[in-house]
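Order-wise, the sequence lines are chains A and B. Residues in the first sequence are numbered consecutively from 34, following our numbering. Residues in the second sequence are numbered consecutively from 34, following our numbering.
Derived by calculation from the structure, the hints in this document are not laboratory data. Among the clues, some could well be false.
No copy is singled out in the list; a pair is fine if it fits within one copy or between any two copies.
[Stated by the list, open to error] Straight-line alpha carbon distances no greater than 30 angstroms define the calculated DSSO-like cross-link-like pairs of lysine-lysine that follow: (1) K333 - K664; (2) K333 - K356; (3) K463 - K355; (4) K355 - K308; (5) K54 - K556; (6) K262 - K664; (7) K356 - K644.
Number of protein chains: 2
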Amino acid sequence: MIRRYVFGNPIETEAVLRKPKAEQWEGDEQVLAFGANQTGFTCKLEQEDIVYGLGENVRGINKRGWIYVSHCSDNPNHQEDTRSLYGAHNFLIVSGKRNLGIFVDTPEQVIFDVGYTRPELLSVSMDSGNYELYLIEEASAEAVVQEFRRLIGQSYLPPKWAFGYGQSRWSYRTSEEVRQVARRFRENHLPLDMIYLDIDYMERYKDFTIDRERFPDFELLVEELKEQKIHLVPIIDGGVKVEAGYDVYEEGVKNGYFCKDEDGENFTLGVWPGKCHYPDMLNDEARLWFGRKYRFLLDKGIDGFWNDMNEPAIFYSEKHLKKVFEQLEEYRGQNLDICSFFEFCGLVQGISNNEEDYRSFYHNYRGERIRHDRVHNLFGYYMTRSASEAFEELEPGRRILLFSRASYIGMHRYGGIWMGDNKSWWSHLKMNLQMLPSLNMCGFLYTGADLGGFGSDATRDLVLRWTALGIFMPLLRNHSADGTRRQEPYAFGEATEDFRGLIGLRYRLLPYLYSEFMKAALKNGMYARPLGFVWPEDPVARHTEDQLLIGESIMIAPVCEQNAIGRSVYLPEEMKLLRFRGTELTEERVLMRGLHFIETALDEVTIYLRKDHALPLAAGGETVEAVDWRKLALLRFGEAAAYELYDDDGMDSGVKLEGHLFPVQS
Amino acid sequence: MIRRYVFGNPIETEAVLRKPKAEQWEGDEQVLAFGANQTGFTCKLEQEDIVYGLGENVRGINKRGWIYVSHCSDNPNHQEDTRSLYGAHNFLIVSGKRNLGIFVDTPEQVIFDVGYTRPELLSVSMDSGNYELYLIEEASAEAVVQEFRRLIGQSYLPPKWAFGYGQSRWSYRTSEEVRQVARRFRENHLPLDMIYLDIDYMERYKDFTIDRERFPDFELLVEELKEQKIHLVPIIDGGVKVEAGYDVYEEGVKNGYFCKDEDGENFTLGVWPGKCHYPDMLNDEARLWFGRKYRFLLDKGIDGFWNDMNEPAIFYSEKHLKKVFEQLEEYRGQNLDICSFFEFCGLVQGISNNEEDYRSFYHNYRGERIRHDRVHNLFGYYMTRSASEAFEELEPGRRILLFSRASYIGMHRYGGIWMGDNKSWWSHLKMNLQMLPSLNMCGFLYTGADLGGFGSDATRDLVLRWTALGIFMPLLRNHSADGTRRQEPYAFGEATEDFRGLIGLRYRLLPYLYSEFMKAALKNGMYARPLGFVWPEDPVARHTEDQLLIGESIMIAPVCEQNAIGRSVYLPEEMKLLRFRGTELTEERVLMRGLHFIETALDEVTIYLRKDHALPLAAGGETVEAVDWRKLALLRFGEAAAYELYDDDGMDSGVKLEGHLFPVQS
């Protein structure tokens with residue numbers, strides 16, 4: 034059951050498509066207690082309650098015991114004490130004796146104190162108290178998710194080829210380097226469907242330009258790769274460089290499409306290219322204009338994009354930076370003690386993504402001038418919507434690969450997200466696993482983390498173990514930052530068989546993973562579920578934080594620690610262990626309910642097949658297109674176990690379940 | 034068997050007390066391979082080898098798969114990719130079919146690439162190639178440790194009362210606040226033996242001063258607390274404030290006791306008080322002088338100290354800071370793009386602990402002028418030695434509590450260490466567990482981490498779980514930074530029974546823990562052992578990273594994850610589970626070898642008693658002195674299981690095992 038309440042004068046986010054009639058809040062203290070000032074509410078947590086949700090955030094699947102702040106942030110330090118990442122996903126589920134979904138719909142910052150201050154209390158607060166509140170009560174957490182997802186509309190569908198393996202790096206800097214990546218993959222028979230272009234393909238980091246010195250033959254490159262079934266996926270920045278003669282800049286200025294400061298001047302901030310303006314993505318006209326710019330690349334054969342920096346990130350604002358230079362002067366020649374020295378350093382540390390800057394520019398949203406901080410969490414969402422709406426105009430009915438760094442619920446209809454600039458840390462491998470179901474609850478199905486870690490230096494074993502998890506992520510991409518150790522499968526100076534095996538297994542699993550993804554998308558379901566969704570009565574299952582159900586048939590329990598020879602795996606019921614050494618099935622063994630130590634070598638993947646379920650397996654291939662969907666082996670646990678496959682042409686954006694479900698004959 | 038080799042002209046560290054005769058290196062490529070330039074060596078790692086050791090460092094008990102740099106560093110960000118912490122502990126053990134101990138004795142920076150670049154290779158390198166190398170081969174890892182520890186001499190013995198619970202905070206700022214802490218502990222019947230004073234007890238952060246505005250009655254405070262059996266433990270900074278009229282400064286200048294820059298001027302750097310000089314701790318005369326200054330506090334009844342900032346930390350050097358201000362100017366008014374903006378920020382980020390600064394001052398060591406970077410890792414060691422040698426002169430034969438932040442092997446004879454400025458992270462709880470045995474191998478027995486975490490905000494459950502681990506650490510201290518959430522046991526606005534129970538259990542365990550500590554210290558043994566030390570043939574035990582043996586009789590398996598209701602525990606052999614709800618034993622149950630899910634509530638501790646072993650339990654008490662060592666219960670697993678207790682007066686620094694071992698009658 035969904036109830037909707039409106040407090041104050043909320044700004045419309047367009048997160049919810051079909052709004053139920055608002056009810057009058059009658060102060061049901063059993064459910065929620067409101068603070069005196071109406072800028073938030075509290076909800077009592079029972080000891081056994083698990084709090085699911087909040088999408089892209091650090092810590093566990095169970096969010097209890099921390100404060101999270103919904104405030105899209107360009108923060109590459111995903112630490113245990115980080116409160117905000119790139120997305121703002123204000124949906125959570127209190128799951129115990131009752132299952133209560135809570136969605137706080139407002140584009141401004143929201144603070145979720147999930148039993149941090151008081152272990153038995155969930156406390157939600159915000160500045161203004163203008164918000165819409167949705168309460169969803171159902172018999173199970175999964176039913177709550179389904180109701181919520183129905184409310185916010187169907188998740189984005191990527192093209193089928195986007196379920197292949199993607200290789201990325203900040204940056205492959207020349208056409209030749211891109212060709213070399215493709216060559217090394219093909220030579221080593223490493224499956225590959227995408228190569229990503231990071232910021233250096235552009236001319237001086239200008240959106241919708243090509244650096245012709247480094248990519249003189251860009252169009253030819255796209256074509257050559259297409260022949261090899263490899264898609265080139267360029268990055269797009271949220272900021273537009275201030276540069277006389279640059280068409281995007283000139284048009285934006287002329288038409289007043291950029292965000293304005295309080296004096297009505299175009300707001301100037303620094304990101305990659307130096308001084309930039311941000312297009313007013315919230316302004317319908319500006320959004321339409323910016324989206325149509327993607328045509329520059331579509332016309333060159335590009336069919337996939339990733340939108341970056343759209344929290345929006347601000348390295349510095351012109352005004353604030355000037356002020357900092359003045360303030361720094363005051364410390365020159367002083368005797369700086371622990372207090373004044375830390376203040377001095379803080380001046381520089383505080384330049385980027387400064388809250389004062391977010392309060393110093395304006396949008397024209399639905400005809401109204403609104404200060405940015407009041408709609409901050411919509412920027413990335415509306416940038417991605419900008420592209421998506423343009424694609425629908427330019428290439429109607431066709432799926433284009435599109436994912437974003439920043440997001441708000443609602444954006445899940447227009448694109449996926451990647452999990453941001455993580456690090457080559459073992460803890461981030463585990464966090465990748467934990468974030469997936471939390472995002473699924475909020476509608477984000479096409480997602481994954483930078484495999485191997487973006488920042489910091491990876492080790493070979495980390496990339497292997499992360500690949501063994503990554504092959505179950507809808508978005509499977511190995512990506513790393515400038516200046517870090519290279520982490521392509523062939524970068525460790527050794528044989529690539531083990532990488533080939535792991536990635537190869539992804540391609541054997543494709544019919545299953547794609548089916549489960551599409552069923553989840555088209556039925557508002559979960560692609561990846563916490564164990565507690567399926568076995569809510571089993572306390573150990575409910576508190577298992579490093580295993581997941583992927584689709585209907587299988588459970589995974591990846592190795593998340595360095596030097597481990599295996600791990601302890603919890604089976605809430607009897608399951609069949611399927612052990613793969615690379616693409617080859619090497620062991621099938623029924624395991625009892627309970628704890629098992631499962632040895633798993635670096636080149637192995639273990640999958641746990643549920644009773645009375647089946648797993649279809651293709652022969653594999655080096656591209657998604659090469660996988661034969663019609664020749665499938667069926668691994669079963671239980672004589673009668675059957676599997677219903679979903680298949681389609683992989684390109685039609687208006688697809689339904691009907692006509693695409695097929696029984697698999699084994 | 035120990036072999037010693039000398040390469041180049043190493044600087045003496047006095048880490049090793051009794052040096053075996055140096056042998057000629059004959060290039061045993063089976064053991065070690067030398068690089069062409071003799072500035073390091075490599076050692077082949079077999080797949081099954083575990084690499085133990087390296088003392089205070091991040092990551093697991095098994096150090097494989099990362100690069101560690103021995104370079105004492107004031108780095109509060111203990112992340113997975115951190116390469117250096119506060120200590121430099123150049124001892125490791127390659128343990129597999131053979132057990133090879135390697136000690137690289139040099140005071141300069143050493144790089145340990147433990148299978149990072151190439152998984153099958155340990156590679157050790159340094160700049161100069163001047164070092165002494167000790168190779169120790171024995172039948173077991175534990176025998177290697179014992180041989181090594183014999184070489185470096187007996188570990189520091191703290192007074193018995195230092196095994197009590199200590200409460201700390203940066204800072205308890207007034208006498209009244211300190212009294213209040215004591216009162217709250219006593220009112221709540223929370224055991225307590227120490228309150229720590231952080232930097233604010235001093236007058237403008239000057240060593241060996243008291244801020245008389247905030248502590249007008251310091252001597253009375255010390256006395257009052259002593260009556261309650263509470264010891265006040267002040268911090269001492271490595272740096273001496275530049276301030277005319279301040280006696281320590283004036284004497285140091287007059288006698289030339291400070292480190293000099295290349296022009297022979299006193300080297301000026303900023304730490305807590307602003308501009309400071311560092312006493313030349315390596316100079317015998319200066320060291321003697323600085324050590325005797327502790328008398329200022331000893332005379333006031335103080336009998337415990339912690340030495341800080343002695344990596345040595347450098348917030349900034351006067352010269353470098355000046356240069357940075359000039360360099361910053363060059364960026365003013367520029368159009369800063371991603372490259373130049375990051376450079377600009379890097380200028381400020383690079384001010385502290387700058388390598389150039391470490392190359393710009395000098396010591397007078399053994400009559401020779403030596404640039405700091407060549408002896409960097411000795412500074413904290415020699416500062417602590419300074420205090421220890423003075424104590425022996427001023428209070429001969431008496432144990433004084435002393436521990437340090439920075440250290441090098443050798444310092445373990447003079448004091449303990451705490452594990453530095455960690456964070457309120459669950460991962461740091463686990464790291465605390467992992468660091469303990471690694472430090473024990475290197476001679477550091479009296480150690481522990483800031484319980485609850487120093488930086489960042491703690492939650493109540495984190496502090497409880499960390500306390501449940503902390504009660505097994507020799508150094509048991511709850512400490513937190515200025516600006517973070519308070520984390521004293523009574524700080525969470527709730528009942529304190531659960532904290533009282535956990536800390537109370539420590540006092541019940543004291544006779545056992547103290548016995549095991551003293552036996553380890555006096556027999557060059559391990560207080561805390563990895564499971565692989567005891568069950569080297571059991572691959573699961575060898576790779577267990579979150580359980581430890583504490584002394585001879587027990588294994589611990591603390592809960593290291595938030596919201597967990599328990600954990601999977603591996604038993605390499607049959608053991609008896611002892612469950613304590615606070616101080617009360619609530620369950621005894623024999624468990625089979627293998628994996629078990631053990632539920633453990635926030636107020637519970639589970640201990641695993643080994644077969645044919647026994648655990649003595651006292652009745653407890655609110656101070657160490659109140660614990661009755663003569664009335665012990667004996668928990669046994671096996672009818673014949675006995676326990677030999679160590680006991681002494683807790684104050685004699687020259688104690689031996691003889692005459693202090695007693696059979697426990699049950």
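Going down the list of hints, with the structure as the test:
no.	hint	result
1	K333 - K664	neither (35 angstroms within a copy, 85 angstroms between copies)
2	K333 - K356	neither (43 angstroms within a copy, 49 angstroms between copies)
3	K463 - K355	neither (41 angstroms within a copy, 44 angstroms between copies)
4	K355 - K308	both (13 angstroms within a copy, 29 angstroms between copies)
5	K54 - K556	within (24 angstroms within a copy, 77 angstroms between copies)
6	K262 - K664	within (21 angstroms within a copy, 79 angstroms between copies)
7	K356 - K644	neither (65 angstroms within a copy, 69 angstroms between copies)
In the structure shown, a violation is registered for the earlier hints numbered 1, 2, 3, 7, in ascending order.
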